[in-house]
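K.L.:
Chain by chain, the residues:
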Amino acid sequence: MTLAIDRIDIHPTHEWGGYRLRPGKPFPFGATLVPGGVNFSIFSSHATSCTLVLFDKHALQPKAEIPFPDEFRIGNVFTMVVFDLDYESIEYGFRVDGPFDPQAGHRFEHAKILLDPYARALGGRDIWGKSPNWDDVYWHRARLVYDDFDWESDRPLEIPIEDLIIYEMHVRGFTRHLSSGVKHPGTFAGIAEKIPYLKSLGVNAIEFMPIFEFDEFENSRIHPETGEQLLNYWGYSTVGFFAPKAGYAASGKFGMQVDELKTLIKELHANGIEVILDVVFNHTAEGNEQGPTISFRGIDNRTYYMLTPDGYYFNFSGTGNTLNCNNPIVRNMVLDCLRYWAAEYHIDGFRFDLAAILGRDPSGAPLANPPLLETLAFDPILGKCKLIAEAWDAGGLYQVGSFPAYGRWAEWNGKFRDGMRQFLKGEAGRVGDVAQRIQGSPDLYEVGGRGATASINFITAHDGFTLADLVSYNEKHNEANGESNRDGSNDNDSWNCGWEGPTEDPEIKALRLRQMKNAVAMLLVSQGIPMILMGDEVARTQHGNNNAYCHDNALSWFDWSLVDKNPDFLRFVTRCIAFRKQHPALRNTTHFRNQDYVGSGYADISWHGVHAWNADWSSDSRILAFLLCGKHARGGTTPDDYIYVAMNMHWEAHTFEIPSLRDGRVWRVFVNTGAAPPEDIWEPGREPTLPDQHYFIGPRSVVILVGR
Amino acid sequence: MNVTIKMVDEVTVTEISGELDGSTAPVAQQRVLSVATVGCRIAMDLTEVPYMSSAGLRMLLSTYRQVTNSGGKVVLTGVAEEIQDTMAVTGFLKFFTLTDTLDQALVALKN
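Chains as they are written, first to last, in my numbering: chain Z, 1 to 708; chain E, 709 to 819.
Looking at chain E on its own, in the form it has when it is part of the complex:
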């Protein structure tokens, strides 16, 4: 698992690649939260995440809560269909804004 962070149009894009599970999710969370400033806008690009365990989904929601609690916004992009399905039946999906592409995520974060 690897996290790459870059700025695109005042939006922080965190590209995660690899599986998110009990051992990798805490590392990913630490990296994402390290750039979560007050009022930040974060696009989490999960295009390269083939699998997300319960711990991975918990990491997303925990990150979402921390960012929104400090006035920030989070959008997920590129979430694999099977992961979206698991997120739907386990209730995680409804907390998030999801987009298919990073460009759509940037638009969503600006609105």
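Looking at chain Z on its own, in the form it has when it is part of the complex:
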């Protein structure tokens, strides 16, 4: 039997105002539970002194203010252990002293109580939408967390990225609608109840829109019709990078959001579903010099933000400030944050909002070799995480195809979205572009040595129209956002099919449904990684609103009655996903060579039109077909069936000559979007044979054949 000997450092050495203390350890930053007490550690390059402020939970006034003794400071780090604190009943903050000299970049204010940038749980917005006390001296309150979750044998799933089918989801929106029928609508626990739905749909990765603590009340606008206060519903405005949003947890009112989120992730993993977080490191919720001082501004303004030479905030994010990501200190914070989420929450991947900003230097200039992006790409803890960039920013830097990738980074492919939408609506001259998009955009990625998996393909995402709205509206309709329809993108490449908004015209309705099927079919047979927007599989509408960031109401929520109203479309999407999963030929990691390198008699990919082997690349063409040779699947390593896809985006029907197969293989019909259900799509593996080598394909229709 081994006897444990008490550590020496569990005993206090100092005392202040009745609190027993000892010098702390600088690492890790933040507040860490240690035997007998709590280790606090916070850094500031320019502060002269720092005070720990302790509150009883929810109390309006501090219970104690303990200055960090100067002998406890190591370098620029203030650190101290306070003993005998009940970790559940206290909240803590800091007062940080230093010069208030905005022109020099310093905005220290002793009067402000500041949030720890490393706080792992926050109080203050415990219950979503509950009006805060604006007179509170401390809005977002750091709390202590026990990182002792029992993961059993769980760990990130490490699904090969080429096999992912991503589902972009708003945590609250997914189950907040009463039709969801879950016990705790709008929460992490609510999502857990809907795992069977996600499994039956077939997606294997969820990308959560921001879940770092944010302030849903950060919006002063009023709904022009109802007079209701609009919110920041999406949450692209981080308050605490290490803290999950308490209001997204049914148990947030008990401060147990950390356990609830981890439980959800563990459940998703157990069901084969990865979790990707949409992370917002380009700016914070503090805005510009007129915004609230919550944390960074008062702790070390000049370090954390990109400042103009006269001390104002650069605004590459379009939200007032820009986080100074390539400052070494801030870079380390971002790294610490991602490591924490990967290690403590078993997160499978990250999608970086406005990631082009992460490649700018402290004066805003784009860097050829951005240290932050390189650091993340080579970090050992993040070594198996998916890293996905939204490769543009609000300052005009557009890096789709040129984002510094280091062999790791994938990108939201905005050109896929644009090109496929234009083709879908029947624009001429798009077939050349579409051919690139369908192949995983080699025109963008091959030069940089990046495979098809660099491309996250999507036709719709949270920004912009839903799929149903894409085929129902020519123009955005954002009046309800309170900005007279000025906000939101004007470049939607959408087409209403003949009438703006809802209609009972059966022809228009049928055409819209077909266009949605066309979009889904083309997305799911394209090389690269498909991403589906929550609710698109049941034709969720936002009534033409293409920027619903502020609507915590039925406009944004997933209406589960659509599952019963649109069963045929849901079936279509589900089967397209199943088909993709069944066919490695659709999930190549490398680009096609446009040649036969296995001796099958067919190139890996070949192009066709109404005539086999003869695609029409002319400028007025709206037709393209392609054939994937199954013997070339995954570079010839994984034999698969042959797949033929014909896309007729012309408004007239055409008869397509189908390329013939060898070795006794026959063509079978998997999809014909021009056919009425149930013959629009067949169960993968049980497709009926094609009777003829000619196929009459209706106007604006997609046909997918499988040869075996």
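Hints listed in this document are in silico derivations from the structure and should not be mistaken for laboratory results. Quick reminder that beta carbons are idealized off the backbone N, C-alpha and C, glycines included. Don't take each hint at face value.
[Claimed, not checked] Output of the computed footprint for chain E on chain Z, the stretches with three or more beta carbons under 8 Å from beta carbons of chain E: (1) 81 to 90; (2) 145 to 159; (3) 248 to 261.
[Unchecked claim] Calculated lysine-lysine pairs in the DSSO-like style (CA-CA distance at most 27 Å, straight line): (4) LYS199/Z / LYS384/Z; (5) LYS802/E / LYS183/Z; (6) LYS781/E / LYS253/Z; (7) LYS802/E / LYS781/E; (8) LYS63/Z / LYS130/Z; (9) LYS818/E / LYS802/E; (10) LYS802/E / LYS199/Z; (11) LYS631/Z / LYS581/Z; (12) LYS194/Z / LYS565/Z; (13) LYS194/Z / LYS818/E; (14) LYS130/Z / LYS194/Z; (15) LYS818/E / LYS781/E.
Start from chain Z and add chain E according to the hints.
P.N.:
Same frame as chain Z, but now just chain E:
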């Protein structure tokens, strides 16, 4: 918070009454573990626990781990519905066998 310990049919019954939070949970845990021998069977009766904080739930799981690691068994009984709900959403529930009554707990521990 108070812990009463008694033996019923070779099962150790620990009756806890009062709230389990950061200050009381360690005390309760110490009392329960003081009777946790190798291969023991423990019924934790929580009928008189109106509220359990994160620390209370952690105490339950930590106790469960220690008892099962030495070949013992733990059953919880009389857990209030709201506490069960919190245990469900935070993942604690699935580690435990729960029963409504002490008699059911005794049966569960004998099987």
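K.L.:
Does each hint fit the structure? Answer for all of them.
P.N.:
A quick look at each hint next to the structure:
Note: the stretch 81 to 90 of chain Z has 4 residues with beta-carbon separation from chain E under 8 Å; the three-residue rule is met and the coverage holds. Beta-carbon proximity to chain E at under 8 Å applies to 4 residues in the stretch 145 to 159 of chain Z; the threshold of 3 is reached and the given coverage holds. With 8 residues having a Cβ less than 8 Å from any Cβ of chain E, the stretch 248 to 261 of chain Z passes the three-residue criterion, so the hint holds. At roughly 23 Å between alpha-carbon atoms, LYS199/Z and LYS384/Z fall within 27 Å of each other, so this suggested pair holds.
Proposed proximity of LYS802/E and LYS183/Z is supported: the alpha carbons are some 17 Å apart, at most 27 Å. Distance restraint check for LYS781/E and LYS253/Z: the Cα-Cα separation of roughly 32 Å exceeds the 27 Å cut-off, and the hinted pair is therefore not satisfied. A threshold of 27 Å between alpha carbons decides the hint, and for LYS802/E with LYS781/E the separation of about 15 Å falls inside it, so the pair holds. Under the criterion of a C-alpha separation no larger than 27 Å, the hint pairing LYS63/Z with LYS130/Z is consistent with the structure, at around 25 Å.
Annotation: proposed proximity of LYS818/E to LYS802/E holds, straight-line Cα distance about 20 Å (limit 27 Å). Proposed proximity of LYS802/E and LYS199/Z is supported: the alpha carbons are some 21 Å apart, at most 27 Å. For the hint linking LYS631/Z to LYS581/Z, the alpha-carbon distance of about 17 Å falls within 27 Å, and the restraint holds. The hinted pair formed by LYS194/Z and LYS565/Z meets the criterion: a straight-line CA distance of about 18 Å does not exceed 27 Å.
Note on LYS194/Z and LYS818/E: the hinted pairing is violated, with a Cα-Cα distance of about 36 Å set against a maximum of 27 Å. The hinted pair formed by LYS130/Z and LYS194/Z meets the criterion: a straight-line CA distance of about 25 Å does not exceed 27 Å. Proposed proximity of LYS818/E and LYS781/E is supported: the alpha carbons are some 10 Å apart, at most 27 Å.
Hint compliance for this structure: hints 6 and 13 are not met, and every other hint is.
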